[in-house]
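Visitor: One-letter residues, chain by chain:
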Amino acid sequence: MISTLHVEPLFLLSYTIAAYLIGVWLQRRTKVALANPTLIAIVFVGLLLWVTHMPYATYFANVQLLHFLLGPATVALAIPMVLSLEHLRRGLVPTLAALLAGCVTGAVSAYALVRLCGGTPQLALSMLPKSLTTPIAMGVSDAIGGIPSLSAVFGITAGILVAVMLPSLLRLLRVTDPAATGLAAGTAGSGIAAASVIPLGPIPAAFAGVAIGVNGLLTATLAPLLARLFAHW
Amino acid sequence: MAILRAFLVLLLAQLVGEALHRALHLPLPGPVLGMALLAAVLLLRRREPDEALVTTSNGLLRWLGLLFVPAGAGVVANLPLLRSAWLPIVVALVVSTVLTASVTALVMQALQRRGERVVMEPLKETQP
Chain A
33 MISTLHVEPL
43 FLLSYTIAAY
53 LIGVWLQRRT
63 KVALANPTLI
73 AIVFVGLLLW
83 VTHMPYATYF
93 ANVQLLHFLL
103 GPATVALAIP
113 MVLSLEHLRR
123 GLVPTLAALL
133 AGCVTGAVSA
143 YALVRLCGGT
153 PQLALSMLPK
163 SLTTPIAMGV
173 SDAIGGIPSL
183 SAVFGITAGI
193 LVAVMLPSLL
203 RLLRVTDPAA
213 TGLAAGTAGS
223 GIAAASVIPL
233 GPIPAAFAGV
243 AIGVNGLLTA
253 TLAPLLARLF
263 AHW
Chain B
528 MAILRAFLVL
538 LLAQLVGEAL
548 HRALHLPLPG
558 PVLGMALLAA
568 VLLLRRREPD
578 EALVTTSNGL
588 LRWLGLLFVP
598 AGAGVVANLP
608 LLRSAWLPIV
618 VALVVSTVLT
628 ASVTALVMQA
638 LQRRGERVVM
648 EPLKETQP
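These protein sequence lines are chains A and B, in that order. Under the working numbering, the first residue of the first sequence is numbered 33, with each subsequent residue one higher. Under the working numbering, the first residue of the second sequence is numbered 528, with each subsequent residue one higher.
It is possible that part of the hints are untrue.
[Claimed, not checked] Derived SDA-like pairs: lysine to any residue, alpha-carbon spacing no greater than 25 angstroms straight-line:
#: 1; chain 1: A; residue 1: Lys63; chain 2: A; residue 2: Asp174
#: 2; chain 1: A; residue 1: Lys63; chain 2: B; residue 2: Arg589
#: 3; chain 1: A; residue 1: Lys63; chain 2: A; residue 2: Trp82
#: 4; chain 1: A; residue 1: Lys63; chain 2: A; residue 2: Leu258
#: 5; chain 1: A; residue 1: Lys63; chain 2: A; residue 2: Gly233
#: 6; chain 1: A; residue 1: Lys63; chain 2: A; residue 2: Leu53
#: 7; chain 1: A; residue 1: Lys63; chain 2: A; residue 2: Gly150
#: 8; chain 1: A; residue 1: Lys63; chain 2: B; residue 2: Asn585
#: 9; chain 1: A; residue 1: Lys63; chain 2: A; residue 2: Leu79
#: 10; chain 1: A; residue 1: Lys63; chain 2: A; residue 2: Ser200
#: 11; chain 1: A; residue 1: Lys63; chain 2: B; residue 2: Arg532
#: 12; chain 1: A; residue 1: Lys63; chain 2: B; residue 2: Trp590
#: 13; chain 1: A; residue 1: Lys63; chain 2: A; residue 2: Leu81
#: 14; chain 1: A; residue 1: Lys63; chain 2: B; residue 2: Leu588
#: 15; chain 1: A; residue 1: Lys63; chain 2: A; residue 2: Met86
#: 16; chain 1: A; residue 1: Lys63; chain 2: B; residue 2: Leu531
#: 17; chain 1: A; residue 1: Lys63; chain 2: A; residue 2: Phe262
#: 18; chain 1: A; residue 1: Lys63; chain 2: A; residue 2: Met197
#: 19; chain 1: A; residue 1: Lys63; chain 2: A; residue 2: Gly177
#: 20; chain 1: A; residue 1: Lys63; chain 2: A; residue 2: Ile49
#: 21; chain 1: A; residue 1: Lys63; chain 2: B; residue 2: Val621
Read the hints as simulated data drawn from the structure, not as lab findings. Just so we're clear, the structure is a prediction, and the values are computed from it rather than from any experiment.
Just chain A, same shape as in the assembly (with noise of 0.2 angstroms):
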């Protein structure tokens, strides 16, 4: 019947973007980086999937159409990324060094630290990408034999730490400048972290925002070769 095969879809997509609203809610309320609206929008499905028994394969089919846009949104971080980039092109030396740090360091610690812990090769290189933008992080998880639904929480995860953490540790570390500031939160903690930053003004924002991008495009590139050297391991 007609009339029944677009309840479904009409049913979960205003469930996902109802859940998604009350998370925004949430923040906008409590002001707390972990009522993130990702998350809890995540836990009201996880509840009505436990609930009602719904296979994740019906509930995925069925909002697709939300699961599509990542690509073009994906495709427009190019936007914020240029518009910054015109901003940055004197510090552009010190910021790729930086930049080229923080992705070797984020990959290769991920996968070693799970690894020494006792995951499984599978767990580790789902692990890897986790301080991408979720889109990258899933596109490599996939690419390199990860579980790309776990990459995706596992990116929120750290974005939601960074926001929560990374204020104390840079006065622990004795950073104070701005830019360090930025591209820290963007290359830890991609999205999540950059809307923690924007708040302190323009430069931090800007470095972020860079940050996302770069970072996202400097670990595709380098985590299939990562991935092949630690075949082995």
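Since the structure of chain A is provided, determine the placement of chain B on it from the hints.
Guide: Frame of chain A, contents of chain B only:
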């Protein structure tokens, strides 16, 4: 009309990215190649991206968090794995994230001190 054209630009950039990914067996995912291509084209033209493209991109990026939900909810399918491997997951997430942020910030601050400090003009409208 202009917004529709801007959306078409994003889709076409992704399409070319996907085609390159498949044809040349490049390690970068299609949308990432599309992003790099679009950034390269915009930089080579040496003009500000047109207004409709900025508006459309900001519109998509403003709700980026929502677009992660379908994939992120896949965690429920992986709950047994998360429960059995919580130790490596927690250690890697916390320690690797602290290391990444520290190394990036320290290298940037050290290199800037040695050379010339970044001179920044005030941003116009780059924030979504």
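Visitor: Against this structure, judge whether each hint is valid.
Guide: Hints versus structure:
no., hint, result
1, Lys63/A x Asp174/A, "34 angstroms, violated"
2, Lys63/A x Arg589/B, "18 angstroms, holds"
3, Lys63/A x Trp82/A, "29 angstroms, violated"
4, Lys63/A x Leu258/A, "38 angstroms, violated"
5, Lys63/A x Gly233/A, "18 angstroms, holds"
6, Lys63/A x Leu53/A, "15 angstroms, holds"
7, Lys63/A x Gly150/A, "36 angstroms, violated"
8, Lys63/A x Asn585/B, "23 angstroms, holds"
9, Lys63/A x Leu79/A, "24 angstroms, holds"
10, Lys63/A x Ser200/A, "18 angstroms, holds"
11, Lys63/A x Arg532/B, "37 angstroms, violated"
12, Lys63/A x Trp590/B, "18 angstroms, holds"
13, Lys63/A x Leu81/A, "28 angstroms, violated"
14, Lys63/A x Leu588/B, "21 angstroms, holds"
15, Lys63/A x Met86/A, "33 angstroms, violated"
16, Lys63/A x Leu531/B, "35 angstroms, violated"
17, Lys63/A x Phe262/A, "40 angstroms, violated"
18, Lys63/A x Met197/A, "15 angstroms, holds"
19, Lys63/A x Gly177/A, "37 angstroms, violated"
20, Lys63/A x Ile49/A, "20 angstroms, holds"
21, Lys63/A x Val621/B, "22 angstroms, holds"
Of the numbered hints stated above, those contradicted by the structure are hints 1, 3, 4, 7, 11, 13, 15, 16, 17 and 19, listed in ascending order.
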